[in-house]
Each structure stands twice: as C-alpha cells, then as structure tokens.
Amino acid sequence: MKKIRVEFADTMLEIGPQDPDLVVMVGDISHGILQKFAKECPGRYYNVGICEPTIVNMAAGVAKAGLVPVVHTIAPFLIERAYEQIKLDFGYQILPINLVSVGGAFDYSQLGCSHHCYTDFSLMSHFARASVFCAGSPVEFNQLFKQTYRNGGINYYRIPEYAHRVEFRPEQIQAGKGICVREGHQITLATFGTSLNACLDAADILAGCGISAEVLYFHTIKPIDQELVEKSLTKTKRLFSVEETSASDGLLNRIWAASRHIPTVCYEQLAIEDFIHGYGSYEDLCEKVGLTATGVADRAKKFLKDRA
Amino acid sequence: MNELTPVLNKELRATIIQMIHRAGEGHIPSSFSILDAIHFLYTEILKYDPKKPKWEERDYFVLSKGHGCAALYVVLNKYGFLKGQDLIDYGKPGAILGGHPDVTCVPGAEASTGSLGHGFPTAMGLALGLRIKNRPNRVFALLGDGECHEGTVWESANVANNLELGNLCALVDWNGSAAQLMSKDDLPGKWKSFGWEVQVVNGHSDQELRAAFSRLTYAPRGTPKVIICQNVKGWGVKQVQGHGIWHHKIPNEQEMAAMLEELK
Numbered sequence: 001m002k003k004i005r006v007e008f009a010d011t012m013l014e015i016g017p018q019d020p021d022l023v024v025m026v027g028d029i030s031h032g033i034l035q036k037f038a039k040e041c042p043g044r045y046y047n048v049g050i051c052e053p054t055i056v057n058m059a060a061g062v063a064k065a066g067l068v069p070v071v072h073t074i075a076p077f078l079i080e081r082a083y084e085q086i087k088l089d090f091g092y093q094i095l096p097i098n099l100v101s102v103g104g105a106f107d108y109s110q111l112g113c114s115h116h117c118y119t120d121f122s123l124m125s126h127f128a129r130a131s132v133f134c135a136g137s138p139v140e141f142n143q144l145f146k147q148t149y150r151n152g153g154i155n156y157y158r159i160p161e162y163a164h165r166v167e168f169r170p171e172q173i174q175a176g177k178g179i180c181v182r183e184g185h186q187i188t189l190a191t192f193g194t195s196l197n198a199c200l201d202a203a204d205i206l207a208g209c210g211i212s213a214e215v216l217y218f219h220t221i222k223p224i225d226q227e228l229v230e231k232s233l234t235k236t237k238r239l240f241s242v243e244e245t246s247a248s249d250g251l252l253n254r255i256w257a258a259s260r261h262i263p264t265v266c267y268e269q270l271a272i273e274d275f276i277h278g279y280g281s282y283e284d285l286c287e288k289v290g291l292t293a294t295g296v297a298d299r300a301k302k303f304l305k306d307r308a
Numbered sequence: 001m002n003e004l005t006p007v008l009n010k011e012l013r014a015t016i017i018q019m020i021h022r023a024g025e026g027h028i029p030s031s032f033s034i035l036d037a038i039h040f041l042y043t044e045i046l047k048y049d050p051k052k053p054k055w056e057e058r059d060y061f062v063l064s065k066g067h068g069c070a071a072l073y074v075v076l077n078k079y080g081f082l083k084g085q086d087l088i089d090y091g092k093p094g095a096i097l098g099g100h101p102d103v104t105c106v107p108g109a110e111a112s113t114g115s116l117g118h119g120f121p122t123a124m125g126l127a128l129g130l131r132i133k134n135r136p137n138r139v140f141a142l143l144g145d146g147e148c149h150e151g152t153v154w155e156s157a158n159v160a161n162n163l164e165l166g167n168l169c170a171l172v173d174w175n176g177s178a179a180q181l182m183s184k185d186d187l188p189g190k191w192k193s194f195g196w197e198v199q200v201v202n203g204h205s206d207q208e209l210r211a212a213f214s215r216l217t218y219a220p221r222g223t224p225k226v227i228i229c230q231n232v233k234g235w236g237v238k239q240v241q242g243h244g245i246w247h248h249k250i251p252n253e254q255e256m257a258a259m260l261e262e263l264k
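Quick note, the sequences are listed as chains X and S, same order. The first sequence: position 162 = 162 (the working numbering), numbered continuously. The second sequence: position 183 = 183 (the working numbering), numbered continuously.
No lab work stands behind these hints: they were computed from the structure. Owing to the predicted nature of the structure, the values given are computational and were not obtained by experimental measurement. Beta carbons: idealized from backbone N, C-alpha and C, even for Gly. Check the hints yourself; a few may be wrong.
If you want the footprint, here are the derived chain X segments under chain S, 3+ residues with CB under 8 Å [as the list claims (entries may be wrong)]: (1) 53-63; (2) 122-133.
Once the Cα atoms are required to be at most 25 Å apart in a straight line, the calculated DSS-like pairs of lysine-lysine come out as [unchecked claim]: (3) S:Lys54 - S:Lys10; (4) S:Lys133 - X:Lys39; (5) S:Lys54 - X:Lys87; (6) X:Lys146 - S:Lys133; (7) X:Lys36 - S:Lys133.
Chain X on its own, in the form it takes in the complex (with noise of 0.2 Å):
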C-alpha cells in the first residue's frame, strides 16, 4: 500500500492545478516528495524553513491575503511548539487553515520522546471550528482532504507512519463519518489510526473466547459520529476505546459526549498516559502501552469481567 505521507503528496497535486489558492509551506519535511506539486504550482509550494510557529503564524497572513494554506510539518513542532499560532492567528482570528502532520504519538518511536506528539487531538479539540482527522490509510487522506480543506475551520490531519490492513473504498470516507469494521454485540472497540489491526486482531482472539465484538473505526475524531455511536453502544454497553493518543480530551471523551445519555454504558481505555520513554520500533513501543492485538484482547475480557 502506498504510503499515507506519499498520498498527501500525490494529493496536493491532484487539488493544486485546479484550485489556484492552495498553498503549500513545511518545513524542511517530505520536500522530495512535494516536487512535482512545486513544478506544477509554481509560487505555491514553500519549505520555509526550520521555523515552526512562524511558517504556522505566517500561513495567518497568506489566509488573509485570500489564499488557502497547507502547513505540514512533525507533530510536535506543528500543533505543541506552535499552538499559541495556531490558538491566536486561526482561533481567535477566525481564519481557515489546514494542518497536516506526520510523526503523530510515538511513530518516530527510535527518535525518542522529543518526537513524539500525544497531545494533538486534544490540543486541536478545544477549537469549535476545529475537526481532527486520523487518515489510516492513503484513501482515506485523499477523501477526507478533498471533502474538508475549503470548508473554512480549522482542520487538522493527523498522517501515521504506517497504514492500517483495511482497504476502504473511496465512496466510504466522509468526514464526520466512522465506519462499522466488524459486527458484534457484546462490546464495541472503538479506535483510529493504525490501531485499527490490533482491534481487529484482538476482535479475533476474542472471538475465540466466545465475546463477540464490534470494531468501530473513525477517521474523523472531531466531530464524533453520533449515530454510529448511539447505535453500537445501545447495544453493546460496552464502549473499549483503543487509542494511539493521549489519555487526555481523545475519543473516550468524545463518543462518551455522544453517548452519556444512553443508560448503564460502561467505558474503558486503553491511551498513552504520560511519556514513553526508551527506544525501539514503533511495533516495540507498541508493546510497551499494550496496543497490541493480545493487549487489547487482555484488558477487554478483563472489562467484561469486572463490568459484568
């Protein structure tokens, strides 16, 4: 599968020749990548340099001006060392921007904590205009870009290194919209991103036990779908949010402010609580927090049990 960064590429060269405004700025990332987009576009792609909240906060101006700007750089430079930009020249200003980050969570997992962003979601939550996009799988990133970078908020696509199995169709991605992966009815995992193979996996092993889940998968964190939500969870009570991000304002939260009015729903989530410290491969950190198909399948009987 090719690979979600390569596909936001291939992206901004589909929309650029036809959309006059889009503008393009990073920094100092996927810049080979973004050739042929600066040849096609000429005067609309900048790698500006290494100079996180000044490309954001300059992308204020060039919103200003009229034009619809793309900022794209690592997560934690992009939304941690510049969300004041991000709060002050998009929030409070009211003007559109589109954000698009690669090394969201720990992906850059050999590159230690310095590299890794948790914080993204709920830093980008707090925005009424903002949606918060995970873009799984390269169609997804195209669907959901296309459907959103004009809609005049505050959107933010988070890119994973590494794509999930599940190869959705075009006509499945809308924003705003999550996806019902697997059928079941004794407890829903809901997740995003990457994680969405070791739902599965686990769904499997569970499976095995005689638990029968459902997997919801939501590549729009922000806004959350409610009727997805209202549906699984009206009828499996049982809500397991498996989620490569903070522990912190992540999908618990919000499918829990879709479905607290639903009676005796139980919640349980499997996030990152504070820094990973330590190096490895992404799989390695993986193990560490327990997002693993056996980690997932473990803490989902244990929930059962204890909700039972």
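On the provided structure of chain X, position chain S as indicated by the hints.
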C-alpha cells in the same frame, strides 16, 4: 529626538488619556510612543477607504505592538473608520474596542494582536500571500522594541529576507524599553544583519518620517524595509514619559486634569 521636537497630535493624546481614564484600562505611554508614526502613516502613506475597510486595493497596516492600540483607535476614528461613540465605549462590555485590538470587530484593524510576536509574522505572510495573488498592495507592521525579544520576530525577518518580500515594511518603536532588560540593543545592526533595508528616524517628527518613506520603493520582490523610530515612551506628557510606573497605570481625575492641561 531632543527637547526642541514639537509635540504633535496633542488632541489625539488628550483623547487617549480620556479613553483610558474612563475605561480604567490601557497603556498610555506605549500609545504615545507610537501615535505620531501611526498618524503619519494614515495621513500620508497608506491607501485605504474608511467606508470600505476591506477594500481590496488597500495597503495593510498591522499593529503588532497590540497594547499600544489606543493610538490606532484614535487615528482610525480621526480618519472615519470608527465613530466617536466607539471611543467613548472603549473597554465597556459590548464595545468593539478594548485593551488589544480584535480584528473580528474593529473596522480597519488587520490583525488581532496583543500577544507579542504574532502581528509581524502575520504581516509577513500577508505580504507573501499578496505576492502570490499578484496584487500590488503593500504591508506595513509596527513592532515594539521589547517585542523584538520574541523569536518569531527574527524568524520572520529571516524568512522575509529569504523570500525577498519587497512589499513589506516594518516600523520599530525603539523607545528603550527593550534595553532595560537586554542592554545590547543595536536594533539597526540586527535588522541590517538580517538583510533588511534599514533607516533610523525620529518617530515623533513628520519631517523625518516623510524623508524616510520618500526613499522607499516597493515591489513584490525586493528587499524588505524597516524604519526604526527613535521614540520616547510617553512622549508629549512629562508625567508619563519614560519607563516608570505609568506603563499600565490609569490616571485619576487630578492626574488626568494635569495631563490635559499640559496638552493644551
């Protein structure tokens, strides 16, 4: 700057004092420091239409030093962007004018500023955006010298130079605030080292400002320009002049009366 420099814009200074006294909020000395430069810009340099603040042909002025906004407000009022009542309502609930400008409600304001180091990068991006759109508009930004402690100012100066934003002109309010904290304050040298075309003028002198602006040429691609204004914080009223307690102090009735008397 010397004792012989006449105090300009006395009426506007008086209005600022009254506004800030009434509201119990505002920065008088900072506003006095930049008032004359802003007034000069709106009088002789900027292209605008107060009846159409979003007119596409306008020049853009971004007050990056947001806490000096009372100076901007009185000039916007003088040139028809605001109504007199807006100044009277300054700082009240429901008013459009407050302690820092809000672009969503102040006609003529181009950016919501207040957090230092934001307006200037916005102006720089605006200059780039206008160039991308093939528009001839010019962009001006006024920064404080203390604001020049912010990293984003120098990141933006660096980017503007590298992108050759010849449609961008900065003004720096060099009133000595910054040097109180970091005494190595060679602002002309710093801006020059970032590749900008630098002029240093008395920012309270229309004559010197006029001469400096007459030397500037603007083009979508060229050298960005900075006019460093040697200003006096609180210029025009001796009581508030300098770097003392008046930075964010509100005058009482007696103090206000004395200030207004001095401005007669």
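So, going through the hints one by one against the coordinates:
Judged by the Cβ-Cβ criterion of 8 Å, the region 53-63 of chain X is covered by chain S as claimed, because 9 of its residues qualify and three suffice. Interface restraint, the region 122-133 of chain X with chain S: violated (0 residues with C-beta to C-beta distance below 8 Å; minimum three). In summary, the hint linking lysine 54 of chain S to lysine 10 of chain S is not supported, as the alpha carbons are separated by about 29 Å, beyond the 25 Å threshold. In summary, the hint linking lysine 133 of chain S to lysine 39 of chain X is supported, as the alpha carbons are separated by about 17 Å, within the 25 Å threshold.
Straight-line distance between C-alpha atoms of lysine 54 of chain S and lysine 87 of chain X comes to about 23 Å, which keeps the hinted pair within the 25 Å bound. Straight-line distance between C-alpha atoms of lysine 146 of chain X and lysine 133 of chain S comes to about 22 Å, which keeps the hinted pair within the 25 Å bound. This hinted pair checks out: lysine 36 of chain X and lysine 133 of chain S have alpha carbons roughly 21 Å apart, not beyond 25 Å.
Hint compliance for this structure: hints 2 and 3 are not met, and every other hint is.
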